[in-house]
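S.K.: From just these sequences and the hints, can you work out the full model?
Chains as they are written, first to last, in the numbering used here: chain A, 1 to 322; chain B, 1001 to 1290.
I should point out that these hints are in silico values taken from the structure, not numbers from a laboratory.
None of the values given here were measured: they were computed from a predicted structure.
Cβ atoms here follow ideal geometry from the backbone N, Cα and C, with glycine treated the same way.
One should not assume that every hint holds.
Claimed, not checked - With a straight-line Cα cutoff of 20 Å, these simulated PhoX-like cross-link-like pairs (lysine-lysine) come out:
no.: 1; chain 1: B; residue 1: K1265; chain 2: A; residue 2: K278
no.: 2; chain 1: B; residue 1: K1265; chain 2: A; residue 2: K136
no.: 3; chain 1: A; residue 1: K293; chain 2: B; residue 2: K1240
no.: 4; chain 1: A; residue 1: K13; chain 2: A; residue 2: K136
no.: 5; chain 1: A; residue 1: K61; chain 2: A; residue 2: K15
no.: 6; chain 1: A; residue 1: K293; chain 2: B; residue 2: K1269
no.: 7; chain 1: B; residue 1: K1058; chain 2: B; residue 2: K1092
no.: 8; chain 1: B; residue 1: K1042; chain 2: B; residue 2: K1240
To be verified - So the derived label-pair ranges between C-beta atoms look like this:
no.: 9; chain 1: A; residue 1: V190; chain 2: B; residue 2: M1235; range: 43 to 51 Å
no.: 10; chain 1: B; residue 1: K1288; chain 2: A; residue 2: D286; range: 26 to 34 Å
no.: 11; chain 1: A; residue 1: S174; chain 2: B; residue 2: N1251; range: 23 to 31 Å
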Amino acid sequence: MSILIYAEFAEGKFKKTAFELASYAKKIAGETGTTVTALTINASNTADLGKYGVDKVLNVKSDKLTAFSAKAYADAIKQAAEKESAKIVLFNSTTDSLYIAPLVAVALEAGYASNVVAQPVSLSPFQVKRNAFSNKAFNITEINTDVKVLAIGKNSYGVFENAASATEEEFSPSLNDADFAVKVESSEKVSGKVTIADAEIVVSGGRGLKGPENWGMLEELAAVLGAATACSKPVSDLGWRPHSEHVGQTGKPVASNLYIAIGISGAIQHIAGINSSKVKVVINSDADAPFFKVADYGVVGDAFEIVPKLTEKIKAFKAQNS
Amino acid sequence: MINKFIFGFFYKNYICYACIVFYLDKFIIFVTEKPQLYNFIKMKILVCISHVPDTTAKINFTNGDSEFDTNGVQFVINPNDEFGLTRAIWFKEQAGANVTVVNVGGADAEATLRKALAIGADEAIRVNANPTDGFFVAKQLAEVVKNGGYDLVIAGKESLDYNGGMVPGMLAGLLGYNFVNSCINLDVTGTDAKAVREIDGGKETLSATLPLVIGGQKGLVEEKDLRIPNMRGIMMARQKTLTILEPVGANNTTKAVKFEKPAPKSAVKLISPDNLDELVNLLHNEAKVI
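M.R.: Structure follows, in structure tokens:
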């Protein structure tokens, strides 16, 4: 018996969320006296996983799996779970993981809970706390099946080092043609830019910025912070920014450490999408904007004066502290 | 004397019109081709509809915080499902398709199904059960799909209430159908589907054959394409069939034990625009995020 995690490996390295998942699994393993196994696909170097508590790595090496295929990945993870007699299978909340997890749950006849925000409330009965109602409530879910599948929300546990060394084993699941029935034809990915999903800090702009030509100052602030840029729904509807930057209920969800909203009034749909961010800063000229009610820090004033000044201040701060 | 015969025929999945004109012992044939592809057999689409509280609804719980309090709450078609429904109706109008909507829920969900019919779905099915577990719901839907022989099943990638995001994937898994999640664009030609899915930092184009299950979201259509039912649609919806099915036996793999509301938020700390050093200081020392 062990705990299996699916550690996503992309562009030559593990995502930070993979280490968070390893830390999360290690904690449960410590309490239940089990070990942590990570399944990786075409990972070139798995040593880093050991630092965060992984005892064993099953690395699948296959050219067929170079392009993402949800069904094939799910099949590989299912077989790994069976091989390891895993009772708990853990996923991140990336788009890919959320695509795979329900397929794995069905294949293992396991109960599945997504949006998990903390360590299990109790191990027996097995109960977890998760986000529900678009971050307006938490829901304690009990999973009744022998095997449990969880998708852990980003930044909901944290990354903890746990010096151990992981043994690596090559793993060759048997995959069939049906696993590859959905084929990737092409892929478009913004390169060299922090994505909203990966970002620790997100700088977001709304209609208060008056036009797409004014995004330069926002991008400068984002660059200084190493942040991703995002926008509100009206901004993407107006075509000022691409749809891929739209965050909110019908856009991308944001669960960053810091969310800076500039010229966004804070419609309920917007808040629903960004509310799992830890710290929220609002810059808005309207002191009555609803966003101030959910924010941690607020600056009332003209964004066109404040943002460039703030960029300079942070630049100076970074220079001093680096 | 002029005699005209007009008739339509199919050729290689295209619908063609021919016109034969007899004039003075001679005859001329005109053939035209309808520009878009026509499927011989109409595609059967099933759209899964969740009946969820409106975004602006107050979220409260009752019965010792174990149930959602529906008192005074307005229910709507789950937004992710509505994008899918609208795309299904687009297929119906473009190429001819039969669109069925299905919900697993109580009698109160029928108003939401009628709305989907008023928007343009042809018929509705309600599986009479309390949708408390994603696996249970997927099992019910799988039964509906098997009995109805649907080519395309569109569900929202997640519902606004439980945010489980599991029903489309589990349904595809149970049926062994192809599956595309977070789908932001979908086209079908014959039995070939081209779907675009959102990935972190971009998008990916996928190809698959029908039958196919889609976990849909905004992008399948845009918000401006969503339809508000008109009077004619609402009247017609009353005449359309709404079948009530009893659930098949299935396990509840999970149970919502309790709900909690987040702790009330402390008031925002306002910082003067002339004192941005203080903001930097707070973000570093207090919030510890930079």
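S.K.: Mind checking the hinted window 23 to 31 Å against the Cβ distance between S174 of chain A and N1251 of chain B?
M.R.: holds (28 Å)
S.K.: Within 20 Å, alpha carbon to alpha carbon, are K61 of chain A and K15 of chain A?
M.R.: Within the cut-off at roughly 18 Å; holds.
S.K.: Take the C-alpha atoms of K1265 of chain B and K278 of chain A, compute the straight-line distance between them, and say whether it is at most 20 Å.
M.R.: holds (12 Å)
S.K.: CB of K1288 of chain B to CB of D286 of chain A, is that within 26 to 34 Å?
M.R.: holds (29 Å)
S.K.: Is K293 of chain A close enough to K1240 of chain B, meaning Cα to Cα at most 20 Å?
M.R.: violated (46 Å)
S.K.: For the pair supplied as a hint, K293 of chain A and K1269 of chain B, is the alpha-carbon distance within the 20 Å limit?
M.R.: Roughly 10 Å separates the two Cα atoms, so the pair holds.
S.K.: Within a Cα-Cα threshold of 20 Å, do K1265 of chain B and K136 of chain A meet the stated pairing?
M.R.: This hinted pair holds, its Cα atoms lying about 12 Å apart.
S.K.: Mind checking the alpha carbons of K1058 of chain B and K1092 of chain B for me, to see if they're no more than 20 Å apart?
M.R.: Distance of about 36 Å is beyond 20 Å: violated.
S.K.: Starting from K13 of chain A, check that the Cα of K136 of chain A is at most 20 Å away, please.
M.R.: violated (34 Å)
S.K.: Kindly confirm whether 43 to 51 Å is satisfied by the beta carbon distance between V190 of chain A and M1235 of chain B.
M.R.: Holds, since V190 of chain A and M1235 of chain B (Cβ atoms, about 48 Å apart) stay within the stated range.
S.K.: Taking only the CA atoms, is the gap from K1042 of chain B to K1240 of chain B under or equal to 20 Å?
M.R.: holds (19 Å)
Checked against the numbered hints listed earlier, the structure breaks hints 3, 4, 7; every other hint is satisfied.
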